[in-house]
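Chains A and B supply the protein sequences, listed in that same order. Position one of the first sequence corresponds to residue 1 (UniProt numbering), numbered consecutively onward. Position one of the second sequence corresponds to residue 1 (UniProt numbering), numbered consecutively onward.
These aren't lab readings, by the way, just hints derived from the structure by calculation. Quick reminder that beta carbons are idealized off the backbone N, C-alpha and C, glycines included. Hints are supplied without guarantee of correctness; some may be wrong.
[What the hints assert, rightly or not] Coverage of chain A stretches by chain B, computed from C-beta distances (three or more under 8 Å per stretch; other residues unrestricted):
1. 166-176
2. 232-238
3. 304-316
4. 597-603
5. 691-704
[Said to hold, decoys possible] Derived pair list, reagent style DSSO-like, types lysine-lysine, alpha-carbon separation capped at 27 Å:
6. A:K336 to B:K86
7. A:K260 to B:K262
8. A:K539 to B:K86
Chain by chain, the residues run as shown.
2 protein chains.
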Amino acid sequence: MASLESITQSLSGLSITPAATVSHTAASSPQAWREALEASSSAPKSFELIKTLVYKPKTAKTATPVPLVVIARENTDVISGSVAKKLNLKEPRLAAGDLLTEFFSLDKNSLSPLVLNAETFPKVITAVDSTIEESTSLFAVRAHATDATLFLSGRDLFAYLKRLETKDTILKIIDFEALKTEAPALAAATPAKKEKEDAKIEGSVQIAVGVKKEVDFATWYTSVLTKADMIDYYSVSGCYILKPWSYSIWEIIQDWFNSKIKEMGVQNAYFPMFVSQKVLEREKDHIEGFSPEVAWVTRAGSSDLEEPIAIRPTSETAMYPYYAKWIHSHRDLPLKLNQWNSVVRWEFKNPQPFLRTREFLWQEGHTAHLTKPEADAEVLEILDLYRRVYEELLAVPVIPGVKSEKEKFAGGLYTTTVEGFIPTSGRGIQAATSHCLGQNFSRPEMFNIFVEDPNDPTRQGKTYVWQNSWGLSTRTIGVMVMVHGDNQGLVLPPRVASVQVVIIPCGITVKTTDEGRKTINDKCEELASELKKAGVKAKADIRDGYTPGFKFNDWEQKGVPLRLEIGPADIAKQQTLSARRDTGVKSPLPLADITKSVPALLETIQEDMFKRAQDTYNSRLKEITNWDDVVPALDNKCVVVLPWCEEEACEDDIKERSGRSSEPQDERAPSAGAKSLCIPFDQSRWTPIEPGKTKCTACGKDAKRWTLFGRSY
Amino acid sequence: MASLESITQSLSGLSITPAATVSHTAASSPQAWREALEASSSAPKSFELIKTLVYKPKTAKTATPVPLVVIARENTDVISGSVAKKLNLKEPRLAAGDLLTEFFSLDKNSLSPLVLNAETFPKVITAVDSTIEESTSLFAVRAHATDATLFLSGRDLFAYLKRLETKDTILKIIDFEALKTEAPALAAATPAKKEKEDAKIEGSVQIAVGVKKEVDFATWYTSVLTKADMIDYYSVSGCYILKPWSYSIWEIIQDWFNSKIKEMGVQNAYFPMFVSQKVLEREKDHIEGFSPEVAWVTRAGSSDLEEPIAIRPTSETAMYPYYAKWIHSHRDLPLKLNQWNSVVRWEFKNPQPFLRTREFLWQEGHTAHLTKPEADAEVLEILDLYRRVYEELLAVPVIPGVKSEKEKFAGGLYTTTVEGFIPTSGRGIQAATSHCLGQNFSRPEMFNIFVEDPNDPTRQGKTYVWQNSWGLSTRTIGVMVMVHGDNQGLVLPPRVASVQVVIIPCGITVKTTDEGRKTINDKCEELASELKKAGVKAKADIRDGYTPGFKFNDWEQKGVPLRLEIGPADIAKQQTLSARRDTGVKSPLPLADITKSVPALLETIQEDMFKRAQDTYNSRLKEITNWDDVVPALDNKCVVVLPWCEEEACEDDIKERSGRSSEPQDERAPSAGAKSLCIPFDQSRWTPIEPGKTKCTACGKDAKRWTLFGRSY
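Using the sequences plus the hints, can you model the full thing?
This is the structure we're talking about:
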């Protein structure tokens with residue numbers, strides 16, 4: 001038996017340092033183990049137990065047994081039959097003590113993943129819970145004894161196991177959640193069980209994403225994103241892979257927005273991702289806003305650069321020296337450029353896919369105008385396009401308004417914004433911003449961008465240009481997921497779905513002939529093709545070896561707005577059974593006018609999704625004039641509008657006072673105090689403010705406008 | 001008078017170090033000055049003289065004179081009248097000695113830009129030749145004496161002047177080339193001169209880009225790119241701004257290529273730009289190919305990162321760990337992902353816009369297949385799309401083939417390529433590559449990407465996936481410019497032109513009434529709108545204040561394929577005069593069937609451009625079997641096909657022997673020796689190789705296949 005020291009030493013050879021090592025009272029059951037750890041002052045506050053299960057699959061009596069070692073989270077359901085089936089093993093049974101002694105010289109209560117080493121790993125089959133791989137949570141691992149425990153991050157534990165792989169022995173990574181839904185499909189080889197599958201699966205997928213949205217929103221969110229195949233975690237922390245299922249949404253947004261801005265005379269361009277230090281630091285307020293998050297390149301190959309070069313956090317200072325060079329005359333105005341690119345903001349806060357990532361995709365528009373009214377008009381025109389991206393494409397309601405002085409873009413004149421709302425967390429979210437920079441970047445001490453004043457007859461006068469910048473990022477996708485997703489997974493609004501309709505063959509049983517199966521599959525393909533011709537993004541899922549139930553679940557997780565089922569009875573009746581993803585409502589549709597009914601139904605889904613989200617936003621937006629009602633409203637997952645004095649000290653005070661909630665704080669939400677989100681343009685929704693009479697809810701001074709406050713992302 | 005030491009000192013305060021300081025025999029004229037410098041052993045080999053001209057504009061007699069100081073290259077035509085007009089100054093005259101003494105205490109032969117300092121700069125108007133701003137060439141500058149000279153780069157000189165700017169006194173940057181063509185327009189205010197303008201301008205724009213393609217190709221190239229408004233230089237060396245005029249070409253290529261690969265089942269995705277060191281360095285051969293050029297981020301905000309993070313030079317190693325994770329079964333194959341992104345290769349060689357830049361835009365496709373034949377087929381399918389991008393969109397002929405072992409992609413199995421040709425330099429250019437990576441990245445010691453072999457009934461067998469990667473970059477645009485551009489500037493093939501047809505009002509004279517002018521302008525707009533409806537990218541240029549000649553030149557520089565002129569006579573005859581950019585051929589087109597004739601003419605232009613380029617390529621591709629003919633052919637700006645043994649030693653030898661040309665070498669062309677460019681797929685173009693009989697032109701061993709060799713980019 002290895003000592004704690006020898007384990008720690010072998011880990012350190014792999015550059016793995018346990019977060020903690022704890023000696024405690026001997027504990028054999030998981031329950032006792034957890035209690036012993038919770039009682040220890042040296043154990044981390046939050047952890048999960050790791051279970052290490054050893055099975056003996058059935059083999060010929062004369063063969064050397066090859067045990068199956070399963071390493072999983074405490075709460076992961078390990079269904080040994082499904083795991084074995086997946087790995088082509090037969091009839092697994094929990095191993096008896098003598099086998100454990102033979103292989104690991106340990107009893108089952110002292111076992112840990114660390115019993116696997118260069119010697120033992122090749123002799124067994126090792127299966128690890130896939131959710132451990134990328135987890136940064138801490139896991140309790142037996143230190144080969146019942147009275148000593150090591151704490152390792154999921155990543156470290158996974159890395160340890162991965163390093164044991166040899167050419168012949170590979171670590172098996174098992175998605176136990178997926179296995180649950182696959183299980184019946186895997187079992188389908190046994191014909192007798194087959195007929196009742198659909199019903200069974202429908203039940204078993206109720207918690208397909210593994211965790212309920214209302215219970216653990218943060219975990220639900222990342223679970224939906226990975227199960228719906230939208231993102232994957234990446235080896236550089238804070239960065240995520242956008243898989244086709246999410247990137248296609250971005251492409252749809254790009255196409256729509258490109259067509260609109262091109263109509264406005266905006267042209268696309270591309271500026272380099274690098275910015276020299278000197279240029280980046282030219283505007284003081286601006287750089288103060290960004291400098292803590294700037295990533296610096298200091299080395300190329302093996303040479304140190306003479307001076308470090310920044311990766312753009314945004315491109316104002318990178319672009320505007322050239323605006324100064326290009327703009328000579330009022331005839332060069334307006335200059336309207338946009339680029340689709342990625343920017344880097346190396347945040348040290350908890351990252352969240354789409355919402356806070358170190359690299360993200362966006363568009364940034366940068367325009368220069370002769371006059372302020374022209375710049376002002378464009379700011380609003382762009383903001384309205386942003387509103388439409390959210391409301392018309394993503395079916396997400398937003399409130400357009402202007403930011404307070406405190407919350408405006410660093411270095412700009414004023415910032416307009418569309419503010420979204422995440423009902424589950426009750427938090428506001430800045431959805432997109434359109435800034436008027438005024439003449440702050442064009443003035444002579446800054447980038448010195450001017451033209452001769454065309455209205456000055458002496459031609460000696462200079463006019464410094466009026467500038468705007470505006471940006472919309474892949475945050476759009478995150479907001480959409482949070483607003484519409486449910487406990488089955490993603491729910492996509494039809495207009496941004498790369499598959500709007502999935503057609504699934506049903507009613508194929510063991511008795512179905514090959515010909516009968518072909519008839520059904522062909523009908524599905526034919527229907528898909530007919531719908532495609534009518535402009536619907538349709539797909540027939542005629543994959544072999546998967547049950548309809550598995551497919552239903554698969555496409556539900558991925559949020560496809562509409563499912564059409566085709567079985568023998570449907571063909572006979574010349575109809576198809578439709579099932580809406582957003583409501584679950586099923587109804588038969590005659591095939592005769594399917595190219596009309598399906599597009600109409602998709603439009604209805606789009607509208608219904610928006611309307612439901614808007615009703616929710618409205619019902620959770622509280623008009624409040626009495627301070628005592630503010631914190632309870634926030635705690636009740638609402639945002640509030642207050643008549644507000646518009647003074648920064650009052651804003652700070654509101655944040656401070658509203659942060660004193662008794663509710664536990666979610667670490668992943670950066671702000672527990674309420675910030676001002678925007679001063680809505682449409683003030684008519686609320687009781688008119690009477691100047692000199694209506695008072696600021698927070699400080700009692702004269703109120704100026706209704707202002708939206710909320711806890712936020 | 002300042003001494004040489006004090007000048008050097010004041011420069012050093014600005015971190016400017018002269019490349020050389022030279023004492024020489026006193027020389028007053030430019031000619032004598034140049035001779036004195038050329039005779040000095042301490043002067044740089046190559047330099048240009050700077051001329052410093054001081055003018056006294058007309059002012060009221062009682063006013064303090066404000067001299068105009070013009071700083072220009074020796075060969076720049078300074079037309080004082082045009083400069084003055086541009087700057088709103090009147091009747092400039094070269095200043096007399098007493099004014100020079102008064103302002104600078106120097107005579108005209110000792111004057112240099114360095115006489116401008118914090119004290120003198122605000123008292124004068126300073127105009128600098130715009131071509132100096134970004135120039136890295138060395139310029140000779142008088143050290144305030146006729147017998148001493150400093151050498152400064154254009155950038156340093158410009159930076160020196162720029163630093164003198166104050167809130168009230170701005171450095172005027174003059175594009176003297178543009179001024180020449182603008183001059184008549186500026187002069188147009190004088191009605192008497194107006195009628196003969198067109199003819200004059202047509203003559204004066206013969207060298208619109210300032211330097212002839214055949215004489216100084218490298219300068220011509222960058223000049224075309226900047227004058228056509230395709231790029232601008234950027235403050236980080238080796239990076240360029242892609243302005244809308246070039247980025248729109250990239251957008252057209254993207255749209256076309258996206259539609260083709262999506263038909264093939266390829267999906268777009270986005271992987272992060274960062275790669276951890278460990279992951280990047282996983283494939284040894286691969287990283288050896290890239291590591292000298294990798295840019296490393298080591299700092300974020302003010303914190304050093306724990307370990308440096310690379311910016312992707314290409315994404316194989318960043319993506320494939322996830323391919324291993326995503327691919328579990330043959331049902332997950334093929335996996336076909338593509339991304340449109342930028343990559344960074346921090347080259348230390350001379351950068352060239354589009355051809356060799358530190359950051360560039362491209363697409364990279366990465367696919368995984370079950371079988372080698374499937375991977376092989378895709379490699380060629382993609383290569384053919386690349387061929388079509390060049391031939392069908394850019395009208396640039398290419399030769400498809402396979403790279404030699406030496407020239408293949410680092411870490412791959414084999415590389416296919418389309419090879420282009422730049423007639424002016426006689427060099428080949430790798431246009432795009434499609435690689436089969438084989439199982440080199442999927443094998444167990446690498447990324448371990450495998451599936452159960454579906455053909456193995458025991459389900460124990462593993463098949464490592466077959467992978468491809470393929471990329472096409474913005475190099476496309478550079479090749480197109482080099483192949484088609486001429487001494488008037490850019491020539492765009494119609495299919496990639498964002499403006500295919502420009503319509504210019506003509507025949508407006510001083511006698512034209514406002515109504516007459518409106519009729520003509522309206523007709524131009526009407527025609528543009530009619531053509532747009534017919535799918536032609538048409539634009540009417542009805543800008544006021546510019547002569548038709550100026551507009552002709554402007555759009556010719558920018559390469560618009562077709563110009564239509566509309567004047568009173570055209571309207572009367574219901575026709576328009578068309579002028580082709582590629583040939584200059586003019587012909588009248590009846591307006592009646594303009595929506596048919598213009599699209600047809602554009603197609604003809606597209607075909608003619610391709611055919612001419614292909615004829616040139618063919619005529620400069622020499623079939624050679626005698627070594628003695630190789631170097632003369634290369635020196636004669638040809639590429640050669642040789643029967644070749646396909647041995648690497650022989651390839652090295654060819655490069656070595658063919659590098660011994662007597663021709664002066666162009667620093668910007670990285671390889672003076674001939675490399676193997678590709679083994680063309682179509683071998684039937686040349687005399688059949690008889691195995692065992694046909695010998696390698698270079699080494700005399702048995703030849704295998706005809707292989708394309710050439711000096712290259």
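Going through the hints against the structure:
Residue count for the region 166-176 of chain A with a Cβ under 8 Å from a Cβ of chain B: 3. That meets the three needed, and the coverage hint holds. Under the rule that three or more residues need a Cβ within less than 8 Å of chain B, the assignment of the region 232-238 of chain A holds, with 4 such residues. Against chain B, the region 304-316 of chain A contributes 3 residues with a C-beta closer than 8 Å to a partner C-beta. That satisfies the three-residue criterion, and the hint holds. For the region 597-603 of chain A, the stated coverage by chain B is violated: 0 residues have a C-beta nearer than 8 Å to a C-beta of that chain, whereas at least 3 were required.
Residues of the region 691-704 of chain A with a Cβ under 8 Å from some Cβ of chain B number 0, which does not satisfy the need for three, so the listed coverage is violated. Of the supplied pair hints, the one linking K336 of chain A and K86 of chain B holds, its CA atoms being roughly 25 Å apart against a limit of 27 Å. For the hint linking K260 of chain A to K262 of chain B, the alpha-carbon distance of about 24 Å falls within 27 Å, and the restraint holds. Distance restraint check for K539 of chain A and K86 of chain B: the Cα-Cα separation of roughly 63 Å exceeds the 27 Å cut-off, and the hinted pair is therefore not satisfied.
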